[in-house]
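Visitor: Could you fit the two chains together into a complex? Lean on the hints.
The residues making up each chain are set out below.
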Amino acid sequence: MHSAYPRLVLVPAYNESATIAGVLANVREQLPEFDVLVVSDGSTDDTSARAREGGARVLRLPFNLGIGGAVQAGFVFARDNGYRLVVQVDADGQHDPAEVRRLIDAMASHPSADMVCGSRFLSKDHRYPAPVSRRTGIHIFAFLLSRLVGQRVTDPTSGFRLYNRRAIELFARDYPHDYPEVEAVLMLHHHRLRMQEVPVRMFERGGGVSSISSGKSAYYMIKVLLALFVGLARARPVVDAGDRAPVAAGHGI
Amino acid sequence: MFSDRLQLVAILAAIALLLVVLELVRRRRLLERYALLWLASGIVLLALASWRDGLERLAKLVGIYSPPNALFVVALLFVLALLLHFSAAVSRLADQSKVLAQRLAILEDVVREEAERAPAPARAEATVEDLEAITRR
Chain E
1 MHSAYPRLVL VPAYNESATI AGVLANVREQ LPEFDVLVVS DGSTDDTSAR
51 AREGGARVLR LPFNLGIGGA VQAGFVFARD NGYRLVVQVD ADGQHDPAEV
101 RRLIDAMASH PSADMVCGSR FLSKDHRYPA PVSRRTGIHI FAFLLSRLVG
151 QRVTDPTSGF RLYNRRAIEL FARDYPHDYP EVEAVLMLHH HRLRMQEVPV
201 RMFERGGGVS SISSGKSAYY MIKVLLALFV GLARARPVVD AGDRAPVAAG
251 HGI
Chain V
1 MFSDRLQLVA ILAAIALLLV VLELVRRRRL LERYALLWLA SGIVLLALAS
51 WRDGLERLAK LVGIYSPPNA LFVVALLFVL ALLLHFSAAV SRLADQSKVL
101 AQRLAILEDV VREEAERAPA PARAEATVED LEAITRR
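Same order as they appear, the protein sequences are chains E and V. Our numbering numbers the first residue of the first sequence as 1 and each following residue consecutively. Our numbering numbers the first residue of the second sequence as 1 and each following residue consecutively.
Next comes chain V alone, as it looks inside the complex (with noise of 0.2 Å):
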């Protein structure tokens, strides 16, 4: 059974969701390429709460006796999805992590290079000299 207390929660969850994840973008707490599968449950879940008989039609489709439980099925299916993305998500960060290590190890290691290379007094004269000359100007 689907009673319309169930259905009027099931409703404001969704909405709530929906309002959370907008808000979140909009104060750009959350990027949008992030903010995409969130945005699609919220909506989901919004229309098969609302839609009663896309909801029981949806049931006896895969075979679930009761309604609400195929709106769990969805809500779960949802879920696992952004867990999904976001291991992807992770992985990509660490892998971009990786590659920002190394460039920065290879770049100190040339900044040393250089430094031992051009002695830093000859240099600091020169600095003094030319900032004379701009300010005698």
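Next comes chain E alone, as it looks inside the complex (with noise of 0.2 Å):
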């Protein structure tokens, strides 16, 4: 907060206590001069109190709005407090602080970059251990999505990623609602700002559940393509400032 260019690292957490006090010790080692905001999604366990002890400012939402709803409150914060760098970290021991500074070099070495995501498939000689079903799902939203942004995406669910301020500014103002990943690729594209991708090891799942569990993947899947083509043909795709209200209270029809 102190520094000239307010850093946030974001980490959504919902129950997460099982691996919340590691994965911020760890954030705390790596990267000391990062401020710590834990957004707690209606967790129903003490991870509020774990991620609080471990030093980082928590937002506790009062129920569960999915990861969506999390992260674009972390984002409100981050606008609203000022923060010129967000980055994104899962709670579950997925993402490696250490890996935080790959993104933010490739974010330096493309200075028009205003997001950049952590890749699993980039590189050749980190096996990422997913279920076949998954890798594939993640191969399908990366061919359609590369084709629609024009841009080779490799990994578009990956949620370990490193924003700038505009990047933060557009997220906290419009963010995809239950399965955010992949539409914010598009979106970002849509609203003319620019992604890059870097290689990054991810480990599998310290505890807890994934908010995507095998059985939903289907329906994950349904989703997320309908959001993808939704979103192509959004007449508005965001509310710029001067818009009507996006929440108001005429008429839905």
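Heads up, some of the hints might be wrong.
[Unchecked claim] To give an idea of the chain E side of the interface with chain V (calculated C-beta under 7 Å), a few residues: (1) L59; (2) A73; (3) F77; (4) L85.
[To be verified] Computed Cβ-Cβ distance ranges for the label pairs, DEER-style: (5) A89/V x G150/E: 32 to 42 Å; (6) A81/V x L122/E: 47 to 57 Å; (7) R147/E x S66/V: 49 to 59 Å; (8) D105/E x A81/V: 33 to 43 Å; (9) R33/V x E204/E: 49 to 59 Å; (10) P32/E x S97/V: 55 to 65 Å; (11) L83/V x N81/E: 40 to 50 Å; (12) I134/V x G22/E: 47 to 57 Å; (13) A89/V x D174/E: 12 to 22 Å; (14) L84/V x A218/E: 18 to 28 Å; (15) A218/E x L39/V: 53 to 63 Å; (16) L226/E x L76/V: 20 to 30 Å; (17) R84/E x E114/V: 19 to 29 Å.
[Said to hold, decoys possible] A few chain V positions that, by computed beta-carbon distances, are all more than 10 Å from chain E: (18) R5; (19) I15; (20) L19; (21) E23; (22) R26; (23) W38; (24) W51; (25) G54; (26) A59; (27) G63; (28) F72; (29) L77; (30) L104; (31) A105; (32) I106; (33) E114.
Since the hints were derived computationally from the structure, they do not count as laboratory data. Values in this document were obtained by computation on a predicted structure and should not be read as measured data. Cβ coordinates follow ideal geometry from the N, Cα and C atoms, glycine included.
Guide: Spelled out as structure tokens, the structure:
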């Protein structure tokens, strides 16, 4: 906060009390110049208390909004508190805070990039331990998205991302609801913001339950595909300053 | 065929619908903006039920043999429109409650920070003195 360019680590967490302390300790060690914000998405365990013990500021959502709503709360916080840089790290230990340096380097060497994503599929030497079904799904999204945005995207579901101020302001205004990562790439493209991918390692989850269980993955795919095609055709992708209020009391139709 | 009896039932049903909606609005149990579609459906159904000729013409126009079926179709369309309307309304409410939850969480954090920054006892003493000064006046 006291730096001229305040930086924030944003950790969305839903019932991650088993892993949150370890993740935060790791973040503190690797990224001492970052403030840490945990958004507890209606957790019913002691995630918030653990996060506070770990030295993080904690936003406690009164009920579960889903990952999209939780991350957006973090963007609103970052925007209102003047953060210039936000890096999003999962609370389950999947992402290695040491790799954030790679994201930062990528943004430094590509000054036009507004968002840098850590991709687990860019490097050949690391094998990501995921079931084939999920990998196939990710590759289908990657294929579609690459064509839609006219740029190679290999890991559109990765939540390991670095955002600059422009991306923070955009996503604080509007961020997709349920499974946001894929759609966020499309939103970025619509607003003529740039993204960049860098290879990172990812670990298996340290505990807790993934927001995408295997039984729901078909539902997930259909929903994201719908979101992608709707996103393409959306009349007004995002509310700009001075537009009609997106959440108004008026008629729905 | 559209028998007299059926016509009477249809008219009574439409009137009952209109009365119930109006009463709900009057008691402020239903917001006007949600009552409009209901009122529109009640009025149109009442009109078609009482104006036989109109209903028969409508049936012929869209190729329905039996006029009562035309009435059902119109009623069904209104039901679909209402359902869609409510889905949109629910989506909007979900969006609003999301924004509220986010702002509440941020406010809670600000309040917490303030409470930690300002030590409580000093404030409490000042308030007591202020109170005494005020009561002495």
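Visitor: Each of the hints needs a verdict: does it hold here or not?
Guide: For each hint, the structure was consulted:
Taking 7 Å as the C-beta contact cut-off toward chain V, the hint placing L59/E at the interface holds, the least distance being around 4 Å. Because the closest C-beta pair between A73/E and chain V is about 4 Å apart, less than 7 Å, the hint holds. Contact between F77/E and chain V, as hinted, is supported at the beta carbon level, the nearest pair being about 6 Å apart and thus within 7 Å. The closest approach between the C-beta of L85/E and any C-beta of chain V is roughly 19 Å, which is over the 7 Å cut-off, so the hint fails.
Under the hint 32 to 42 Å, the C-beta atoms of A89/V and G150/E, about 37 Å apart, fit the expected range. At roughly 49 Å, the beta carbons of A81/V and L122/E sit within the given window of 47 to 57 Å. Checked against the hint of 49 to 59 Å, the pair R147/E and S66/V passes, with Cβ atoms roughly 52 Å apart. Distance hint check for D105/E and A81/V: the Cβ-Cβ separation is about 55 Å, which falls outside the suggested range of 33 to 43 Å.
Remark: the range hint 49 to 59 Å for R33/V to E204/E is upheld by a beta-carbon distance near 50 Å. In this structure, P32/E and S97/V break the distance hint of 55 to 65 Å, their C-beta atoms being roughly 37 Å apart. Distance hint for L83/V and N81/E: a CB-CB separation of about 42 Å, consistent with the stated range 40 to 50 Å. Look at I134/V against G22/E: about 54 Å separates their beta carbons, and that is inside 47 to 57 Å.
Between A89/V and D174/E the CB atoms are about 20 Å apart, so this pair conforms to the stated range of 12 to 22 Å. Roughly 26 Å separates the CB atoms of L84/V and A218/E, a value that falls within the hinted 18 to 28 Å. Taking the beta carbon of each, A218/E and L39/V are about 42 Å apart, not inside 53 to 63 Å as hinted. Range check, L226/E to L76/V: about 26 Å between beta-carbon atoms, so the 20 to 30 Å window is met.
At about 24 Å, the beta-carbon gap between R84/E and E114/V stays in the expected band of 19 to 29 Å. Residue-level check passed: R5/V sits 36 Å from the nearest beta carbon of chain E, beyond 10 Å. Against chain E, the non-interface label of I15/V holds: every CB pair exceeds 10 Å, the least being about 26 Å. No Cβ of chain E comes within 10 Å of the Cβ of L19/V; the nearest lies about 24 Å off, and the non-interface call holds.
Against chain E, the non-interface label of E23/V holds: every CB pair exceeds 10 Å, the least being about 23 Å. For R26/V, the requirement that its beta carbon stay farther than 10 Å from each beta carbon of chain E is met, with the minimum near 21 Å. No Cβ of chain E approaches the Cβ of W38/V within 10 Å, the least distance being about 14 Å, so the stated non-interface status holds. Residue placement check: W51/V keeps its beta carbon more than 10 Å from all beta carbons of chain E (closest about 28 Å).
Listed as a non-interface residue, G54/V keeps its Cβ farther than 10 Å from every Cβ of chain E; the least gap is roughly 26 Å. The beta carbon of A59/V is kept farther than 10 Å from every beta carbon of chain E, the shortest such distance being approximately 27 Å. For G63/V, the shortest C-beta to C-beta distance to chain E comes to about 28 Å, beyond the 10 Å cut-off, and the non-interface label holds. Interface exclusion of F72/V from chain E stands, the closest Cβ pair being 23 Å apart, more than 10 Å.
Interface exclusion of L77/V from chain E stands, the closest Cβ pair being 14 Å apart, more than 10 Å. At the 10 Å boundary, the C-beta of L104/V falls inside the reach of chain E, the nearest C-beta of that chain being 6 Å off. With a cut of 10 Å on Cβ distances, A105/V falls inside the contact zone with chain E, its closest approach being about 4 Å. The beta carbon of I106/V is not kept farther than 10 Å from every beta carbon of chain E, the shortest such distance being approximately 6 Å.
E114/V, annotated as away from the interface, keeps every beta carbon of chain E farther than 10 Å; the closest lies near 13 Å.
Violated hints, in rising order: 4, 8, 10, 15, 30, 31 and 32; the structure is consistent with all others.
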